[in-house]
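Could you slot chains B, C, D, E and F onto chain A? The hints should help.
6 protein chains.
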Amino acid sequence: MSSSRIVRASVVQACTPAYSLTDTLDKMERLTRLASERDRAQIAVFPEAFIGGYPKMSTFGVVVGDRSDLGREEFLKYYNAAIDIPSPAITRIEQISKETGVFIVTGVIERDLGTLYCTAIFVSPVHGFVGKHRKLVPTAAERLIWGQGDGSTLPVLETSFLPTAERATEVTTKISASICWENFMPLLRTYYYSQGTQLYCAPTVDARPAWQNSMVHIAIEGRCFVLSACQFAQEKDYPADHAVADINARHPDNVMIAGGSVIVSPLGKILAGPLLGEEGVLSADLDLDDCIRGKFDLDTTGHYARPDVFELKANIS
Amino acid sequence: MSSSRIVRASVVQACTPAYSLTDTLDKMERLTRLASERDRAQIAVFPEAFIGGYPKMSTFGVVVGDRSDLGREEFLKYYNAAIDIPSPAITRIEQISKETGVFIVTGVIERDLGTLYCTAIFVSPVHGFVGKHRKLVPTAAERLIWGQGDGSTLPVLETSFLPTAERATEVTTKISASICWENFMPLLRTYYYSQGTQLYCAPTVDARPAWQNSMVHIAIEGRCFVLSACQFAQEKDYPADHAVADINARHPDNVMIAGGSVIVSPLGKILAGPLLGEEGVLSADLDLDDCIRGKFDLDTTGHYARPDVFELKANIS
Amino acid sequence: MSSSRIVRASVVQACTPAYSLTDTLDKMERLTRLASERDRAQIAVFPEAFIGGYPKMSTFGVVVGDRSDLGREEFLKYYNAAIDIPSPAITRIEQISKETGVFIVTGVIERDLGTLYCTAIFVSPVHGFVGKHRKLVPTAAERLIWGQGDGSTLPVLETSFLPTAERATEVTTKISASICWENFMPLLRTYYYSQGTQLYCAPTVDARPAWQNSMVHIAIEGRCFVLSACQFAQEKDYPADHAVADINARHPDNVMIAGGSVIVSPLGKILAGPLLGEEGVLSADLDLDDCIRGKFDLDTTGHYARPDVFELKANIS
Amino acid sequence: MSSSRIVRASVVQACTPAYSLTDTLDKMERLTRLASERDRAQIAVFPEAFIGGYPKMSTFGVVVGDRSDLGREEFLKYYNAAIDIPSPAITRIEQISKETGVFIVTGVIERDLGTLYCTAIFVSPVHGFVGKHRKLVPTAAERLIWGQGDGSTLPVLETSFLPTAERATEVTTKISASICWENFMPLLRTYYYSQGTQLYCAPTVDARPAWQNSMVHIAIEGRCFVLSACQFAQEKDYPADHAVADINARHPDNVMIAGGSVIVSPLGKILAGPLLGEEGVLSADLDLDDCIRGKFDLDTTGHYARPDVFELKANIS
Amino acid sequence: MSSSRIVRASVVQACTPAYSLTDTLDKMERLTRLASERDRAQIAVFPEAFIGGYPKMSTFGVVVGDRSDLGREEFLKYYNAAIDIPSPAITRIEQISKETGVFIVTGVIERDLGTLYCTAIFVSPVHGFVGKHRKLVPTAAERLIWGQGDGSTLPVLETSFLPTAERATEVTTKISASICWENFMPLLRTYYYSQGTQLYCAPTVDARPAWQNSMVHIAIEGRCFVLSACQFAQEKDYPADHAVADINARHPDNVMIAGGSVIVSPLGKILAGPLLGEEGVLSADLDLDDCIRGKFDLDTTGHYARPDVFELKANIS
Amino acid sequence: MSSSRIVRASVVQACTPAYSLTDTLDKMERLTRLASERDRAQIAVFPEAFIGGYPKMSTFGVVVGDRSDLGREEFLKYYNAAIDIPSPAITRIEQISKETGVFIVTGVIERDLGTLYCTAIFVSPVHGFVGKHRKLVPTAAERLIWGQGDGSTLPVLETSFLPTAERATEVTTKISASICWENFMPLLRTYYYSQGTQLYCAPTVDARPAWQNSMVHIAIEGRCFVLSACQFAQEKDYPADHAVADINARHPDNVMIAGGSVIVSPLGKILAGPLLGEEGVLSADLDLDDCIRGKFDLDTTGHYARPDVFELKANIS
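Residue numbers (my numbering), protein chains in the order written: chain A, 1 to 317; chain B, 1 to 317; chain C, 1 to 317; chain D, 1 to 317; chain E, 1 to 317; chain F, 1 to 317.
If we strip away everything but chain A, and leave its shape as in the complex, we get:
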């Protein structure tokens, strides 16, 4: 096919090296260069909480009705590992994007005064940091450590990919991000569809097999490309004293987060992945015209909606 509306995209399956910001940024640079040089990627999606880390299995010393001092110290440590926007870490990511020419979408733990947020940021090789999305509802124990985003960070960004050696034409598309179980929020997805998202990024740490069903469903429902990047992490990737599933069976190679990164087309075809059991970079050609082809018979916020019966009020600021 000689269509000129093709974007080369990667999803990166990787984990945060023991909460070290420097190591994580180095790792991001290495993997982005890999996506760029090996796969000619124009966009790369990293997992949820890649910057800052996902404290799997921790409870932060919280029980109903009580918090421990140790838990507060753990929170302070986690707080200090998070990043402000803007900050030198953002600058570094902008630099990685600029040097590789790769548009980066990555999960970060964002610090805003007293509250942390599970955020996805968008960094363009041309314009630098261009937007962020804060997770709207943390899941279960995440509610102990992360605040809730709101209508002010729900961007659907119009983005242009510059011509490359392989592709002669500039291509413009729209990008959004939904983090982990946000992908189970039908109104959030509907909002994104209504704004025309075509590259639906889904950074996550949900590595259960059932996750794959949802990625395919969303691609079909939204007639968009789904780019799901999951962490793959083992006990050795966490600080030595971190909580684990079974404290009596600690082993560096025990899997903490199993991966499952995947790329799906608007008609539900799996273009790459799911990748399981290792870190790695998956890439695929995304023919943006497939979004239009799909909307011929299903446009859930267009001809296939019933605004007279169901109206979605989105409080976006």
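Treat the hints as calculated values from the structure; they're not laboratory data. All values reported here derive from a predicted model rather than from experimental measurement. Any given hint might turn out to be false.
One copy or any two copies: either way a pair holds, since identical chains are not told apart in the list.
Unchecked claim - Derived pair list, reagent style DSBU-like, types lysine-lysine, alpha-carbon separation capped at 35 Å:
| hint | residue 1 | residue 2 |
| --- | --- | --- |
| 1 | Lys236 | Lys174 |
| 2 | Lys313 | Lys27 |
| 3 | Lys236 | Lys313 |
| 4 | Lys269 | Lys313 |
| 5 | Lys313 | Lys98 |
| 6 | Lys56 | Lys295 |
| 7 | Lys27 | Lys236 |
| 8 | Lys27 | Lys77 |
| 9 | Lys98 | Lys269 |
| 10 | Lys27 | Lys98 |
| 11 | Lys56 | Lys98 |
| 12 | Lys295 | Lys313 |
| 13 | Lys27 | Lys56 |
| 14 | Lys27 | Lys295 |
Coordinates of chains B, C, D, E and F only, in the frame set by chain A:
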């Protein structure tokens, strides 16, 4: 587990015998008795358009800007095969339900003056006909023959299943129906979730493999049981002159609708099916408490919603 | 002073007997009768989660990124101990109120489809159930089990206390409820002040000494009577296998929630309590004119506000 | 703990010497030097109206509907004791700050054309005068002599404390000021919290015991350090003919303002004070990380807010 | 002149009988009937605080930095003498208006939860209570007892006067009210002019001779009729123990408020009054066309404004 | 009283001698010397259009839709009598000021290319010409001959009066000018008040008695000294052929402009004048502290403003 909150449910995979109403009702009675007697079912879900038929492959003589006389005649025939509510056909279904003790959810082609609707009806062995749902958006060529439902036929019915030989206690639950691609309508689903649906019935004729992903996704998203009943139909099940996929390769055994009926639990576990390549009845025990266990960490219209950011206005009358 | 604008109020310090609804309602009846007969109370405030129970020290099997099956079972049990509104439990409370003539404000765990809420209900001896307030933000691990209330359950109820043997005149006042750490939410408090609350009920399980400072502060800030009812609970009051602070030092008499119920006047004077180390009923005469005397020099939503600089937008429905 | 994020802070309890500007500035210099040399303070907070004086017990000849000529003369005298910003008095305070290296927050009576304001100023040893806050609502008789501030003087100043002999690292924090009963204004406090205040300065002349409750409450509510500096003044500190509580019992040692200066930590712990019955300087180490430890479970303008229900509109210019 | 655009207007000079609401309403009825029957008045303006009373000479026990318990009791008494809107007192005034056919503008002390306001109400014989204005800035010691109105109570009411025996035609005009020293607020007046006020009511208790200058100036500046109603009160009109100017020279006939009610035309001509030294009712014919005649050469919010240089932003809700 | 903040001020009531510039400047010198030598004045205010003349009674040959040649000639003459700024006339006035030590405020007809303006100039004995104000809105027929000033000529000048034989101390104050009916422009006045004017100069030719009311009102409203200088002119003071009120009753002594110059204190006390029926110089001691004494209870752009309700936007350049 000896929980007393279990419902025994069946999905019926079957087709309409050549648009014959009498034959179809007889078939319904036979299959309902099978579900009841063999599987001890308390509820049985039949496919989309089971009563009235799904005119797969037909165009009703319609091209852009023109309609043929022949197509009008075909519509007349189809119209006459449809049923009024109430009507003797409904009475017959009530009788089947009462005699078998099985709550019936079935797709019907409903006639209302000059317009046909693709409808699902709910029939209780105790209360008879208790509600109906008209498909909100017909898909593609269906728009040539069916009208659109509205907010007046979106029931979520609180239903009690009487004690049986196997189960000593009356069990109360909530039931809804979404027909075929309505299942891709996120706002409709959200509305049903918000009303507490636990037995989410999905009569369909979509037999593509990707359908399975959506059924699993919906079960997880809504923390409800998904009961998807698809038709399995071959060319021999249609009138002799009916349109087919390849007019040059007509064969009575050619598959028109491939099936794929399935039952999924609120945590995404497939309890029965998918059934492919034949008619049949699938059954499973549904532990209603699994809905609560699932909502512990995901209630998309409760603790996992963000009504401040996204509000669903439903125009229900 | 022979003012006729006096209300006799009680706060009840008590715990939920091992999640048993029947026992809890019996206990409520006994304590309400005590307040009525011994103290001539016209209103009695019970603690947070008195109906339904406060699962102190439990984690419901939740760690970051994972939930256990056991935790889901614990949630199911807790879910089943909660009450619907309306329901027979509500009817029973209405009956207690009617028979004793005592207006009851009590914490309940409210069940609404798939989500539980930490709710305070208002029950009048004359009108029965007259309103409810759902906690807006659960604290820490409470976020694992309770949803968030919203602007539809923030009543400030105008209430009349009928003449009694001791007091010849009907007295009208306004009542609101803020549950536990909601009392640290300055905008919620401001909203209540702006609606004229005079009996500011604060059901809680926060038994830390610092709580007393906040109760006095709020009374002064809002020029209202603060009626704070805390649970007093020991390990023996919980089911045998319930989580405790120190699993190696289980003892039936170990304190789980230490109490601290108190009644404070609009000028910051402590009228009764704090009660520590035991269950009990505290009572005091509330001279409603003290609200006016206090507002003479401080009315934070009247003459002491600056609506030109700070405007509180309340999304109340 | 060897945290490097510690600030050494003082609150100064002192009164204005008989409205004499020169004497007051000399006193400020002496007390600032004491805070610096004895206690190694990096910041010192002085009471409300320390510069200019607090005319306790005076009525300025005002009754409802009438003003006396004598009252106008008293006002003129008071007006002349107030200071302009900038003015030589400000220059002098900048010099004191620069020479001692102590960041100064002090109450002043500010003159702006025809109106006086009760103002708090912020003076940095490096940058000199960096901001001011005018009291928004004067209390009771203060309304006879002071105007109202507005949204243009509500700074929350990001401030860096330079390394000292004791501490090797520069520390950055945020500072605000609320004067006397402004501390009872929940919307003002909320605004300050939302801007990230960590050193919440509360210059006051409210010496009632109940004041302590509010200081602890605010520290907890805002998860900030509260630095409350109150005047301690006796009749001899006022001009000879000044009004007193009991004109028949004049005595130089009679207490006019009783003090009560205090420093409280973000978790509600009293770090120094309350100081009663004398002038003096209280100091404490403030570990700024305690703000983060505290926000772990309470951030009233972050994860513990409900902006969908309550929105604070601040008209700041 | 036989113009049909004439309104017959009265200003009533009277005081509040010793804070008695019943007596005051009786007095209002008597004086309104006098205005109606003797003078054929269609509108009557009563003084500031006529309902509720003006506590001249009182200090409510307030000195800078302190309030006495006695003062709080006095405030409570004053609070109880104030009226809610609506309330039986309003109903009574509506009845007086209806029975006499006189449109009433009167000062009232309005109670709104914890704060009192100095309010002017507008009562129509046809429509009853039609609006109110709360004084924006209390003067001096009034700030101790009254809150501030805001942009929500600044009505300029279009009002029709029905035909009478003397005048055959219905006349429509616009009415506003500015209370006492509000008349010195140039922006408030400008706003009223900009809304077309023609009957500029000025209820007051300012009885100084200089007041007359302002009334004439405003009439000219605004090209409107000024109807200023002042109280005339003696010591005997207050409760026996009320504060007085000279406690050593108490005499029932001592003047507390000296009167000075007056009616001025849009060109500055005094049509009635000033009335001094007694209670009474002044009346005059107001030829509304005089407003137009005056605006020929001066329309300060029209052709004589400079909106390019000075723009008045009014925050009216 | 030995206050050192007293300024000695004069208002000069005089007319322009028949449009003769030289004669007018001579007259100005003579009257300034009189004010200085006889009255020890430090400032003298001259009437509107004193330099250039006020062509009272003229129509300049203008009717609706037509202008006469004669009128054009009359304008030419008037144009030529006006002065440029700077110009020799200005230099002469600077000299008069310097020699007498009197600060001069005077009305002039200012020529700026093709347009004339009715201007007030400020001339200091030390600094010479220091500012000017052009009338913003000419009244009625003035619009035929004068242009409109704008926001670039609205100075409020801080001015120092040097020590004199009588007074040992330099006194600093603020001066502004409003010409004739500009004094009826409430927004202009408000702007001046907001800039702190204390010597409010009101050059005018409005000699109607009602003018006095406005001067008193403004002094009270602005808590400033009002210095109103009006022309006193008779027919003989105009060129022989000048228009008059009654052409049939021409008489040299007929009054054209009747005077009424006056000096009023900030509390509304008339300190000098009004002067009627003759030319002359009025003088008074202005105790600047009276502005402060007055602002104690009224500061219409400070504590007595409501910037949240009414905001004055001034477009000053």
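Hint by hint, here is what the structure shows:
Neither within a single protomer nor between protomers do Lys236 and Lys174 lie at most 35 Å apart by alpha-carbon distance, with minima of 37 Å and 38 Å respectively. When the C-alpha separation of Lys313 and Lys27 is checked against a cutoff of 35 Å, the pair qualifies neither within a copy, at 40 Å, nor between copies, at 42 Å. Taking the closest pair of Cα atoms, Lys236 and Lys313 never come within 35 Å of each other, the shortest separation being 45 Å inside a single copy and 48 Å across copies. With identical chains, the CA atoms of Lys269 and Lys313 are at most 35 Å apart both within one copy (31 Å) and between copies (33 Å).
Within a single copy, Lys313 and Lys98 get their C-alpha atoms no closer than 37 Å, and across copies no closer than 39 Å, so neither meets the 35 Å cut-off. For a Cα distance limit of 35 Å, the shortest separation of Lys56 from Lys295 across copies, 21 Å, qualifies, whereas the shortest one inside one copy, 38 Å, does not. Taking the shortest Cα distances, Lys27 and Lys236 sit within 35 Å of each other inside one copy (16 Å), while across copies they are farther apart (53 Å). Taking identical chains as interchangeable, the C-alpha atoms of Lys27 and Lys77 lie at most 35 Å apart only when both belong to the same chain, with a minimum of 21 Å there against 43 Å between chains.
When the C-alpha separation of Lys98 and Lys269 is checked against a cutoff of 35 Å, the pair qualifies only within one copy, where the shortest distance is 31 Å, while the shortest distance between copies is 44 Å. With identical chains, the CA atoms of Lys27 and Lys98 are at most 35 Å apart within one copy only, with a shortest distance of 16 Å there and 46 Å across copies. Taking the shortest Cα distances, Lys56 and Lys98 sit within 35 Å of each other inside one copy (32 Å), while across copies they are farther apart (49 Å). When the C-alpha separation of Lys295 and Lys313 is checked against a cutoff of 35 Å, the pair qualifies both within a copy, at 23 Å, and between copies, at 24 Å.
Only within a single protomer do Lys27 and Lys56 lie at most 35 Å apart by alpha-carbon distance; the minimum there is 20 Å, versus 42 Å between protomers. Taking the shortest alpha-carbon separations for Lys27 and Lys295, only the inter-copy value of 31 Å comes in at or below 35 Å, while the best intra-copy value is 38 Å.
Of the numbered hints stated above, those contradicted by the structure are hints 1, 2, 3 and 5, listed in ascending order.
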